[in-house]
Amino acid sequence: MKNTLKLERVRLNLTQQELARQLGVSRQTINSIETCRYIPSTVLSLKLSAVFNKPVNEIFELEDKD
Amino acid sequence: MENRQHLLPHWFKYLGCIISGITPLLFILSDKGIFAGLEPSLMKFLVFTVIILGLSFITFAREKIEDEMIISIRSKAIVFSFATTILYFSFLKPLGGLILYNTIDEVNSYEIISFMLLCYLCMFYFLRRKMK
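First to last, the sequence lines map onto chains F and C. For the first sequence, this note's numbering gives the first residue as 1, with consecutive numbering after it. For the second sequence, this note's numbering gives the first residue as 1, with consecutive numbering after it.
Treat the hints with caution; some may be incorrect.
Per label pair, the in silico range of CB-to-CB distance [stated by the list, open to error]:
1) C/Gly37 with F/Arg27: 50 to 60 Å
2) F/Asn13 with C/Tyr125: 28 to 38 Å
3) F/Asp64 with C/Lys130: 22 to 32 Å
4) C/Ser75 with F/Asp64: 21 to 31 Å
5) C/Lys130 with F/Asn53: 27 to 37 Å
6) F/Asp66 with C/Ser75: 18 to 28 Å
Computed, partial: chain C to chain F, Cβ under 8 Å [what the hints assert, rightly or not]:
7) Arg62
8) Asp67
9) Glu68
10) Leu121
11) Met123
12) Leu127
With a straight-line cut-off of 25 Å between C-alpha atoms, the simulated DSS-like cross-links for lysine-lysine are [said to hold, decoys possible]:
13) F/Lys47 with F/Lys2
14) C/Lys130 with F/Lys6
15) C/Lys44 with F/Lys65
16) C/Lys76 with F/Lys65
17) C/Lys44 with C/Lys13
18) F/Lys2 with C/Lys130
19) F/Lys6 with F/Lys54
20) F/Lys47 with C/Lys64
21) C/Lys13 with F/Lys6
22) F/Lys2 with C/Lys13
23) F/Lys2 with F/Lys54
24) C/Lys132 with F/Lys47
25) F/Lys2 with C/Lys132
Think of the hints as simulated: they come from the structure by calculation, not from any bench. Every value quoted in this text rests on a predicted model; they were computed, and no experiment measured them. Even for Gly, the Cβ is constructed at its ideal location relative to N, Cα and C.
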């Protein structure tokens, strides 16, 4: 699954640490999501969607292998 | 989403490290004959209790930020340690004993528990490092 988390975060001029603090997760979790090593839960995806003010399917996108 | 996992406070991790650090000290003291009066079975019980207590404290201590990724890593590490323990104690250890010494040794619960905790911790920290 691909995502545009890094782009969205940079667009809002947020650091990984700041975003992590807003969402109540660790910086490592944000980094792992950005590098596609971890797929977040629905709850965290919805929280990300609220922070970036974009629908979830604009942030996350399925790939062929999914 | 609130994390409802029942875990020990984070400082138990440091306590666990200190307790686990006592184990080599017990071996050194035992070598010097400090526990000469103790029965070997009692000594074994003492050493394993200290190891299990220390490893349990490290295992069940909350991380600084106990988020969903840590919970996911925990569950992967639990599955790994459970499977490895079954594989080792049910097949590898008896088979090794049979091939090398022509006997099958009895396995005690202390060995199984400490092996499982050790496997869990190795996998947990390996996965956590990989995710960074």
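Original post:
Can you name, in rising order, the numbers of the hints this structure does not satisfy?
Top reply: 7, 10, 11, 12, 15, 21, 22
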